[in-house]
Amino acid sequence: MELLLNITIYLPILGVLAILATRNDQAIRWIALFVTTATFALSIPLMLNFNAATSDVAHYVTESGSLIGGLDIKYIVGLDGLSLLLFMLTTFMGPIVVLSAWESVKKHLGGFYSMLLILQTGSLGVFASLDMVVFYIFFELTLIPMYFLIGIWGGSGRIEATIKFFIYTLVGSLIMLIALLFLGFHAGDAINAGVFTSDWRLISGPEYHIGLVEQTYMFLAFALAFCIKVPLFPFHTWLPYAHTEAPTAGSVVLAAIMLKMGTYGLIRFALPIFPNAVIAFAPYLAALAVIGIIYGALVAMVQKDVKKLVAYSSVSHLGFVVLGIFALNTMSVQGAIIQNINHGLSTGALFLIVGMIYDRRHTRMISEFGGLSSVMPVFAVMFMIATFSSIGLPGLNGFVGEFLILMGAFNSDVLVSNWFAIIATLGVILAAVYMLWMFQRVMFGPVTKDENKILKDLNAREIGLLIPVMIFIVWIGVYPSYFTGFSEVQVEKILDQSLEKSETVLLNSRSEELPQWAGKFYDVTTDMAATLTNSEK
Amino acid sequence: MELLHDINLYLPGTIIAIAGLVVMMLSAFNADHKTVYWTSILFTAVALVRSFADLFVTQTEVFHNMAAVGGIASFGTFIILTGTLFTLLLCYDYFEKVGNYHSEVYAIILFATVGMVVLATATNLVTVFLGLETMSIALYVLAGVVKSDKRGIEAALKYFLLGAFSTGFFLYGIALLYGAAGSTSLADIGAVTEKGLIYWAGVSLLLTGFFFKVSAVPFHMWTPDVYQGSATPITGYMATAAKSAGFISLILILSRALDTSVEQWSEVFKVIAVLTMVFGNIIALVQTNVKRMLAYSSIAHAGYILVGLAAGTPEGYTAVQFYLFAYTLMNIGAFGVIAYYERYKGADLTELDNYAGLGFEKPLMAVVLSIFLFSLAGIPPLLGFAGKYLVFAAAVQADMILLAVIGVLTSAAAAFYYLRVMVYLFMKPAVKDIKLAPVGGIYTSVIVILALLTVVLGVMPWTIADILATF
Chain L
40 MELLLNITIY LPILGVLAIL ATRNDQAIRW IALFVTTATF ALSIPLMLNF
90 NAATSDVAHY VTESGSLIGG LDIKYIVGLD GLSLLLFMLT TFMGPIVVLS
140 AWESVKKHLG GFYSMLLILQ TGSLGVFASL DMVVFYIFFE LTLIPMYFLI
190 GIWGGSGRIE ATIKFFIYTL VGSLIMLIAL LFLGFHAGDA INAGVFTSDW
240 RLISGPEYHI GLVEQTYMFL AFALAFCIKV PLFPFHTWLP YAHTEAPTAG
290 SVVLAAIMLK MGTYGLIRFA LPIFPNAVIA FAPYLAALAV IGIIYGALVA
340 MVQKDVKKLV AYSSVSHLGF VVLGIFALNT MSVQGAIIQN INHGLSTGAL
390 FLIVGMIYDR RHTRMISEFG GLSSVMPVFA VMFMIATFSS IGLPGLNGFV
440 GEFLILMGAF NSDVLVSNWF AIIATLGVIL AAVYMLWMFQ RVMFGPVTKD
490 ENKILKDLNA REIGLLIPVM IFIVWIGVYP SYFTGFSEVQ VEKILDQSLE
540 KSETVLLNSR SEELPQWAGK FYDVTTDMAA TLTNSEK
Chain V
130 MELLHDINLY LPGTIIAIAG LVVMMLSAFN ADHKTVYWTS ILFTAVALVR
180 SFADLFVTQT EVFHNMAAVG GIASFGTFII LTGTLFTLLL CYDYFEKVGN
230 YHSEVYAIIL FATVGMVVLA TATNLVTVFL GLETMSIALY VLAGVVKSDK
280 RGIEAALKYF LLGAFSTGFF LYGIALLYGA AGSTSLADIG AVTEKGLIYW
330 AGVSLLLTGF FFKVSAVPFH MWTPDVYQGS ATPITGYMAT AAKSAGFISL
380 ILILSRALDT SVEQWSEVFK VIAVLTMVFG NIIALVQTNV KRMLAYSSIA
430 HAGYILVGLA AGTPEGYTAV QFYLFAYTLM NIGAFGVIAY YERYKGADLT
480 ELDNYAGLGF EKPLMAVVLS IFLFSLAGIP PLLGFAGKYL VFAAAVQADM
530 ILLAVIGVLT SAAAAFYYLR VMVYLFMKPA VKDIKLAPVG GIYTSVIVIL
580 ALLTVVLGVM PWTIADILAT F
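Top to bottom, those sequences are chains L and V.
Our numbering numbers the first residue of the first sequence as 40 and each following residue consecutively.
Our numbering numbers the first residue of the second sequence as 130 and each following residue consecutively.
Looking at chain L on its own, in the form it has when it is part of the complex (with noise of 0.2 angstroms):
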């Protein structure tokens, strides 16, 4: 089975070696759907036999010696309950995506297939790795693929949509990278004999604890560079031209899976590394969560591009997302963990079914639809679901989420207020005011006008692509508990860790050797510890 893992996460970049000697367009297709397909069917396994009971242990590891001599950086993948959704999302947006590209890509064909299965390499890693430098390497490798489909690939405004993302993700990475490697020497001297250490098993473990002053700095880079990932408002003003200009498979995979980088991060490297900071800082990130859910959703509804009203909605979106995380409870976090997932689906399908009216009209303005239900009732039905995901109705995948979130929220011990779900929740009753006012002007009234009437509706190849997003999106909502219960171990074991870690530190820490601001951030003076275990109980 590490093998297994191994060749899933490298058999894309092997398949551009494929397409890199094939010059004929069609075969570069057939390449790549092959590639991707295959990546998918071995994945597959991986999924079966996860065992959820031990989904706190990373399985399938595959573990190297120290690579480079003084430093003890490691080659480690791996796959546990964090990652093993997203890992299998990967994978199974890949034959998708390339489908989606089918005719509506047509210059540079190999540039464009090569780009996307090297980003599919860099996505797999990135949820695979458990070593934080690996880690930051797969980050960093997908930004160049990217950069390339949005260039070269996309809409009028391509140029300085691609820089502002490239620029914007790598200024945070960029500083995530200093304070990893602060964290890695400062773990080598706690817990490694001196010696750098990057292993992700041994940081977040329980003998590890860091200063607050330390967490403080620390915590805030590594938030930094996942909230211009996610994107939190207000590091979100690269997202919108990302994915407006971006061609439909870059949107796809911008949305399905480059932001959960961001969230992912947070649950992975925040939670369980920097536990009093996250503590600390939870009010302020969820307050910012809540602000994006107001914002992304208020501007989506004044859009008159309907792709970016979809792109202001994933702002949205992963406000909620963000929001799960820093309510720090089991049932948040897994609402997070799941709704990663759900706005993968619902926020992917709706780009590609953008993509697939663009492909008709090459245009996107919400004014120059009406009516299209009565002339293409299959895109109608496929369309109306994607949109009820998204605005989270019960029954489909997007309730389950929001849902578990906002309960989360509710119960927070953190988040004290009761404020950030109310508020939360009123993005949701947006939500469904701009998903519907929208699909209301596209789908149904007259056909005004006459280029719509003649429009064709989806071929074989649209509603195949389709059709396996939308069993997932009902799956995941009328059977959450399976896909739930791969994380629920973990999630559990990493927040009572944490919890324990962040008490430890406290106890230990005298407010006369901290700086005054810290003190007095962290109330070392009275005892927050003992109200957290009371509450708790």
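Hints are computed from structural coordinates only; laboratory data are not their basis.
In this text the structure is predicted, and so the values were computed from the model without any measurement.
Where is the CB? At the ideal position from N, CA and C, for every residue including glycine.
Hints are supplied without guarantee of correctness; some may be wrong.
[As the list claims (entries may be wrong)] Label-pair ranges, simulated between beta-carbon atoms:
# : chain 1 : residue 1 : chain 2 : residue 2 : range
1 : L       : S143      : V       : L565      : 28 to 36 angstroms
2 : L       : A232      : V       : S312      : 35 to 43 angstroms
3 : V       : F600      : L       : S105      : 14 to 22 angstroms
4 : V       : T573      : L       : S143      : 32 to 40 angstroms
5 : V       : G569      : L       : E142      : 35 to 43 angstroms
6 : L       : Y518      : V       : D482      : 53 to 61 angstroms
7 : L       : N547      : V       : L493      : 54 to 62 angstroms
Based on these hints, arrange chain V on the given structure of chain L.
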């Protein structure tokens, strides 16, 4: 006998010196381009193999402790010879197509290499000076080697005047240090305990001389003009081999002679490093000429290297050596591709505007150039990232976190100008109908090999790092 024994130990430098003489004789007897080309490559390759073998020998000193063999010195020689070999390989096509072939070019490159090897292995300030001057004088000539190009002549003159000026500082520094230590040997200077005014003045002047040579801000003024004016493969050679020689020599001096005053010079290096990174990158942002942009980027890279030196720790020195090696491979590659685009008569193809649409015209070269530029920008998993990673790790380990943060922020800014080249290559439509001259198989394969090394060694950086760890 001892001389022969030492010469045997010091074989890489000796081989190159002989090669220089042989090639000079060949050109005196009107040998054709091919003969001269292959002769110099053959000799350099042999010397390179030997210098690689030297990486694994025990470290000793030769010629009555004037030069070192093994360890850092041999790795320096290895970097320099790698740079030289790749430059020489690119020269044939370039000078054939540009049409300004003079057989002296090869001899002068080889003589410059001798100077660099001496500089990078010197353990005595006298040999340092000897190497530095041999290298510099050869480089002054090389800068102006295309005699018909006015900018080349200007570059040569500027380089010569400023270079001579900096040599003054350097020599004065040596003299003062001799006054303080009573010897020019690095080990003896390292043993000085009474550090008076003479000592500090000597140290400052010596370091100033080095800052000139490695083009650290504010001593960088000559760099952009010289780099832009010189023939492109030669620019690549100056930016990599010459710079590596200077930095390796600096490591030897810092670690052997100035180890006891690390607190003081480390502060200086921090300031210079920040200035160099910030200015180099910011000015590179506004360049519209690719060659000039790479000149400023090479200044910025000197800044990152200075970060590693400022750490003043063995880890820092190791990181710097790795960085120099990485930098040599990717920069020669980048200049090689630019030289390739340049070989079109009638327009200055180093202007960024002319790159529009070339990416899909000649995909191989454009992809390869992208690899080099991403690597220079420090994006994983390429070789440049491994270098930056080690340098910043050394800085963080030495508690210079602010310096590391400034370093990464400037390298994020740097990504912008590297990306812009790719914007022109791939994302803008062609404006001019540019017919590039066809290129020989050797030229293409050399560039591709460099790109492969950048990727493969980037994925497996331990192949180099493990060797460095044994020093």
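Here is how each hint holds up against the structure:
{"no.": "1", "hint": "L/S143 <-> V/L565: 28 to 36 angstroms", "in the structure": "holds, 32 angstroms"}
{"no.": "2", "hint": "L/A232 <-> V/S312: 35 to 43 angstroms", "in the structure": "holds, 41 angstroms"}
{"no.": "3", "hint": "V/F600 <-> L/S105: 14 to 22 angstroms", "in the structure": "holds, 18 angstroms"}
{"no.": "4", "hint": "V/T573 <-> L/S143: 32 to 40 angstroms", "in the structure": "holds, 34 angstroms"}
{"no.": "5", "hint": "V/G569 <-> L/E142: 35 to 43 angstroms", "in the structure": "holds, 41 angstroms"}
{"no.": "6", "hint": "L/Y518 <-> V/D482: 53 to 61 angstroms", "in the structure": "holds, 59 angstroms"}
{"no.": "7", "hint": "L/N547 <-> V/L493: 54 to 62 angstroms", "in the structure": "holds, 59 angstroms"}
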